[in-house]
Amino acid sequence: MPDQRQTRPLAVDNQLLSVFSSIEKKPLWTLSALRIPVPTDLFRGPLAEMAAVVRVGVAAVVKDADDKMVMGVRKGFGAGKWQFPGGHLEVGESYFACAERETLEETGLQVRAEKLIAITNDIFSETKHYITIFVACRRVDEAQQPETTEPDKCEGWTWKSWAEVKAMLTAGEHGEQSFFLPIINLLNEHPDIETLA
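Quick note: UniProt numbering has the sequence shown finishing at residue 197, numbered continuously throughout.
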């Protein structure tokens, strides 16, 4: 006789699906750990604390022989802002492995993570809070160039030096608005970033 635990469908899944399908015209967000769309109005009162969690992001600072770094302009959340390749740390993953994986996924570059540069505390809003780990990386093949492998997430990749980044940050009307918050915090906390990365 087969094990009933293996063949019986989970009742919770059916209950959740019926709740979600009965709610119409409600904004949805993804409960990323479970990959389930959740109506935002379900998270009021005591459940709100469960929805607002601190996430961990990893930014890969990929440098070339001229000390220029791979940077791109974001699409989606933080659209129009300069960023490094990177993304969410997965359960059980090292931050070095995350930097290597995200760089490959986003740019097609095979890199080797070399060292932890810095960590920033990035509070975007009352419900969006990240800890960002910056990791120094080198290309496995120094001749390989970044490609836009996820055009829905990034406009394209280019090479910039810390001096260029700092000059853009202090430039008039664009300044800090041109950069993703973790990069702004990194430079505010480490104005001597060239000595760390």
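Please keep in mind that the hints were generated in silico from the structure rather than gathered at the bench. Owing to the predicted nature of the structure, the values given are computational and were not obtained by experimental measurement. Backbone N, C-alpha and C fix where the C-beta goes; we use that ideal spot for every residue, glycine too. Don't take each hint at face value.
[Said to hold, decoys possible] Below, in silico cross-link-like pairs of lysine-lysine (DSS-like), each with a Cα-Cα straight-line distance of 30 Å or less:
id, residue 1, residue 2
1, LYS115, LYS81
2, LYS75, LYS115
3, LYS166, LYS81
[Said to hold, decoys possible] If you anchor each label on the Cβ, the simulated ranges turn out as follows:
id, residue 1, residue 2, range
4, PRO151, HIS129, 16 to 22 Å
5, GLU155, ALA52, 26 to 32 Å
6, PRO191, LEU116, 17 to 23 Å
7, ASP66, LYS128, 16 to 22 Å
8, GLU93, GLY156, 22 to 28 Å
9, HIS190, ARG55, 18 to 24 Å
To see whether the hints hold, each was checked on the structure:
1. LYS115 <-> LYS81: holds, 25 Å
2. LYS75 <-> LYS115: Cα-Cα ~28 Å, so holds.
3. LYS166 <-> LYS81: holds, 14 Å
4. PRO151 <-> HIS129: 16 to 22 Å: The hint (16 to 22 Å, Cβ to Cβ) is violated, given that PRO151 and HIS129 are roughly 28 Å apart.
5. GLU155 <-> ALA52: 26 to 32 Å: holds, 30 Å
6. PRO191 <-> LEU116: 17 to 23 Å: holds, 19 Å
7. ASP66 <-> LYS128: 16 to 22 Å: violated, 35 Å
8. GLU93 <-> GLY156: 22 to 28 Å: Cβ of GLU93 to Cβ of GLY156: about 27 Å, so the range 22 to 28 Å holds.
9. HIS190 <-> ARG55: 18 to 24 Å: holds, 22 Å
Violated hints, listed in ascending order, are 4, 7; each of the other numbered hints is respected by the structure.
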